[in-house]
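S.K.: Chains as they are written, first to last, in numbering that gives the first Met the number 0: chain A, 0 to 255; chain B, 0 to 75; chain C, 0 to 362.
To be clear, the hints were calculated from the coordinates, so they are not data collected in a lab.
Incorrect hints may appear among the rest.
Restricting the straight-line Cα-Cα distance to at most 25 Å, the calculated cross-link-like pairs of lysine-lysine (DSS-like) are [as the list claims (entries may be wrong)]:
no. : chain 1 : residue 1 : chain 2 : residue 2
1   : A       : Lys6      : B       : Lys2
2   : B       : Lys51     : A       : Lys11
3   : B       : Lys2      : A       : Lys11
4   : B       : Lys2      : A       : Lys1
5   : B       : Lys51     : B       : Lys75
6   : A       : Lys6      : B       : Lys51
7   : B       : Lys75     : A       : Lys11
8   : A       : Lys15     : B       : Lys51
9   : C       : Lys239    : C       : Lys162
10  : A       : Lys1      : A       : Lys11
11  : B       : Lys75     : A       : Lys6
12  : C       : Lys282    : C       : Lys307
13  : B       : Lys2      : B       : Lys51
14  : C       : Lys282    : C       : Lys271
Per the computed footprint, the stretches of chain B lying under chain A, defined by three or more beta-carbons under 8 Å from a beta-carbon of chain A, are [unchecked claim]:
no. : stretch
15  : 1-7
16  : 11-20
17  : 50-57
18  : 61-74
Label pairs and their in silico Cβ distance ranges [as the list claims (entries may be wrong)]:
no. : chain 1 : residue 1 : chain 2 : residue 2 : range
19  : C       : Arg238    : A       : Gly137    : 36 to 42 Å
20  : B       : Arg39     : C       : Ala197    : 37 to 43 Å
21  : A       : Gly177    : C       : Gln195    : 31 to 37 Å
Values in this document were obtained by computation on a predicted structure and should not be read as measured data.
Note that beta-carbon positions come from the ideal geometry of N, C-alpha and C, so glycine has one too.
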Amino acid sequence: MKPEDIKRSENKVYCKPELLNDTPMHYCPGCSHGVVHKLVSEVIKEMGAEHIAIGVAPVGCAVFAYSYIDIDWIEAAHGRAPAVATGAKRLNPSRLVFTYQGDGDLAAIGTAETIHAANRGENIAIIFINNAIYGMTGGQMAPTTLEGQVTATTPYGRRVDLNGYPLKISNLLAQLPGTCYVTRQAVHTPASVRKAKAAIRKAFENSLAGHGTSVVEIVSTCNSGWKMSPAKSNEWMVEHMFPEYPLGDLKNDTER
Amino acid sequence: MAKVIGAVEINHERCKGCDLCVVACPTDVLSLQPKEVNNRGYHYAYTANPEKCIGCASCALVCPDACIEVYRVVEK
Amino acid sequence: MKQEVQLMKGNEAIAHAAIRYGVDGYFGYPITPQSEVLETLEALMPWETTGMVVLQAESEVASINMVYGGASTGKAVMTSSSSPGISLMQEGLSYIAAGELPALIVNVMRGGPGLGTIQPSQSDYFQATKGGGHGDYHYIVLAPSTVQEMADFVALGFDLAFKYRTPAMLLADGIVGQMMEKVVLPEQRPRRTDEQIARECPWAVTGRPEGRGPNVLTTLELDSARMEVNNHRYQATYRKIEENEVRYQEYFTDDAEYLFVAFGSIARICLKAIEDARQRGIKVGLLRPITLWPFPTKEIARLAQQVKGIMVVELNAGQMIEDVRLAVEGRVPVHHYGRMGGIVPNPQEVMDSLFANFPDADK
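If we strip away everything but chain A, and leave its shape as in the complex, we get (with noise of 0.2 Å):
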């Protein structure tokens, strides 16, 4: 058979998802943030959940994420989506509401609203895109950033004894009582792109369900901050952030 044979809309098994705009993503080339929005969209179609999904945008790469995606969205100030999605969700009680952040908005600027929105069990699920660096800004250091990882505000690495540690905020999340779901996932191969998308699908209908706060960090790159090609990001991802990172359920208790 002949590829314009095969091409027919009979056969088609997999396309841009019909929530994702045709709008150009302004992400550099090979960014995570891409993927993530191709499954939240995915996600929302499949679930029947659009005219009941308000999105919540950080500040930061994704700030632009409610250009892309054709739902209702709120842009929120830095780190204060968990808080924005508390208000719009406790007075929305029905509504899909969701959270799309970074690890500068969500562990660093944004751990308190973070952190309490999760112990107050709000039923919310939040998108946490840990690539351990702020690609907005130009590369700096962020709080999940790698020990000994050069970012354009530690030069000669991070040192611990001048920056502290990795904040592995999703470990410490999923303490909280108020966590029903903490898993940390990837996008970097079709599997992980394929249990990302459970995940998500998961958080999503957790926090319909009101089981308490979801939490779906996916461990990403920045091709652009790390200053590396991106199937080299992937590898490098796999190496250095995944031992600090283990990918996996931190906590799966929706049975409450």
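Got chain A sorted already, so can you dock chains B and C onto it with the hints?
M.R.: Showing chains B and C alone in chain A's frame:
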């Protein structure tokens, strides 16, 4: 035995030439244009060996820009 | 609940009025001297009756962002705090103003700067009326002087906030917050339904129904030309508010030769001083701005053509006096009398300040 054959359609203008699809493809179907660039200046991905495609969608799954459509048929 | 008369603190009146107005949500954090707002709401358990959400947040930063999130969905949402807490809310207030969101913020002022004192003050006038946070913005500022007004301005604040899609602040001082007075509480109003909100607030972020595009509540605009358009739109709203919503009260101004300008509880002390002075034949009047922004500039300018001098009395080092002077444009002398640190002047002191600055008044 049934044979699975596939085809991919790449939105060249949306592609940023990140190369992740090329790496993900198990059958070496894809490649980046060595010289040609799209309107935004990227060496976009193209099907260098379309006949090898098995429609597994690995390329599309890891594509951050949702540029790839995947088709698959099972030939009896 | 029917209309009823009760004796209560100003802070408690705010809580009762909020429930009766049909407010959807309150998010707050304890701070003296306004903690009774949250305490009263928790005790009244409105979630059992009207369905109003009440939540004690982890900080004022979180409170104001919960207000931002709730207000984004078209709901009537409020918070309350006192000066240091309001400072923490400035970031969120700037976003709420830029997002053109209706919301009510109560500030029961205490003395500053810094941790200052828990005693009453009016030293957040600048912060409240000039924007406070980053960027060019204003919001409506209502200054109650009685417990009754504490209750009434909850409704007025929300009505104006929704009318103009802007935050409104109820700027009270610790005196009005803490003192007890008779208050007539209004009849219970129903909370708005989701259908009503969808109709009245087409901008609200509620989840996208079929047939409409995404509603996105953002304050970010990197395109300079469009950001300027946004700013012009904010300013146009502010001009409209300045034209239509100036509120003030005049006392004994018909024949006044000298004028006090004071807001909040201090206006009441001035009024007592004026009543005493009038018995001695001294023709003094009072203008009490009820809206501090928009400011009664025209009214003060009009009175400046009639009186010989103006005394501005405030619980601060001289803040509203700047707006009075701008209104007066040098026509007559304008002087200030202020106490700080939580000290409240008595009527005699207020009168003495007039005589000290305008010796001719004491004839």
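S.K.: Are the hints correct? Go through all of them and say.
M.R.: Now for the hints, and whether the structure bears them out:
1. Taking the CA atoms of lysine 6 (chain A) and lysine 2 (chain B), the gap is near 16 Å; set against the 25 Å cutoff, the hint holds.
2. For the hint pairing lysine 51 (chain B) with lysine 11 (chain A), the CA-to-CA distance comes to about 17 Å; that is within 25 Å, so the pair holds.
3. Between lysine 2 (chain B) and lysine 11 (chain A) the CA atoms are separated by roughly 17 Å; this keeps the pair inside 25 Å, and the hint holds.
4. Taking the CA atoms of lysine 2 (chain B) and lysine 1 (chain A), the gap is about 14 Å. The hint holds against a cut of 25 Å.
5. Of the pairs offered as hints, the one joining lysine 51 (chain B) and lysine 75 (chain B) holds, with about 18 Å between alpha carbons and a cut-off of 25 Å not exceeded.
6. A C-alpha spacing of about 15 Å is found between lysine 6 (chain A) and lysine 51 (chain B), which places the hinted pair at or below 25 Å, so the restraint holds.
7. For the given pair, lysine 75 (chain B) sits about 18 Å from lysine 11 (chain A) by alpha-carbon distance, which is consistent with the 25 Å threshold.
8. Annotation: proposed proximity of lysine 15 (chain A) to lysine 51 (chain B) holds, straight-line Cα distance about 22 Å (limit 25 Å).
9. Only pairs whose Cα atoms come within 25 Å are accepted, and lysine 239 (chain C) paired with lysine 162 (chain C) is accepted, the gap being roughly 11 Å.
10. At most 25 Å may separate the alpha-carbon atoms for a hinted pair to count; lysine 1 (chain A) and lysine 11 (chain A) meet this at roughly 15 Å.
11. Straight-line distance between C-alpha atoms of lysine 75 (chain B) and lysine 6 (chain A) comes to about 18 Å, which keeps the hinted pair within the 25 Å bound.
12. Taken as a hint, the lysine 282 (chain C) and lysine 307 (chain C) pair is honoured in the structure, with Cα atoms around 11 Å apart against an allowance of 25 Å.
13. A hinted pair counts as satisfied when its Cα atoms are at most 25 Å apart, and lysine 2 (chain B) with lysine 51 (chain B) qualifies at roughly 12 Å.
14. Between lysine 282 (chain C) and lysine 271 (chain C) the CA atoms are separated by roughly 14 Å; this keeps the pair inside 25 Å, and the hint holds.
15. Look at the stretch 1-7 of chain B against chain A: 3 of its residues bring a Cβ nearer than 8 Å to a Cβ of that chain, three or more, so the hint holds.
16. Only residues whose beta carbon comes within less than 8 Å of a beta carbon in chain A count, and the stretch 11-20 of chain B has 6; three or more means the coverage holds.
17. Coverage of the stretch 50-57 of chain B by chain A holds in this model, with 5 residues showing a Cβ closer than 8 Å to a Cβ of that chain against a need of three.
18. Only residues whose C-beta sits within less than 8 Å of a C-beta in chain A count toward coverage, and the stretch 61-74 of chain B has 13 of them, enough to reach three; the restraint holds.
19. Restraint check, arginine 238 (chain C) to glycine 137 (chain A): a C-beta distance of roughly 39 Å satisfies the suggested window 36 to 42 Å.
20. Evaluation of the 37 to 43 Å hint for arginine 39 (chain B) and alanine 197 (chain C) yields a pass: the beta carbon distance comes to about 39 Å.
21. Restraint check, glycine 177 (chain A) to glutamine 195 (chain C): a C-beta distance of roughly 33 Å satisfies the suggested window 31 to 37 Å.
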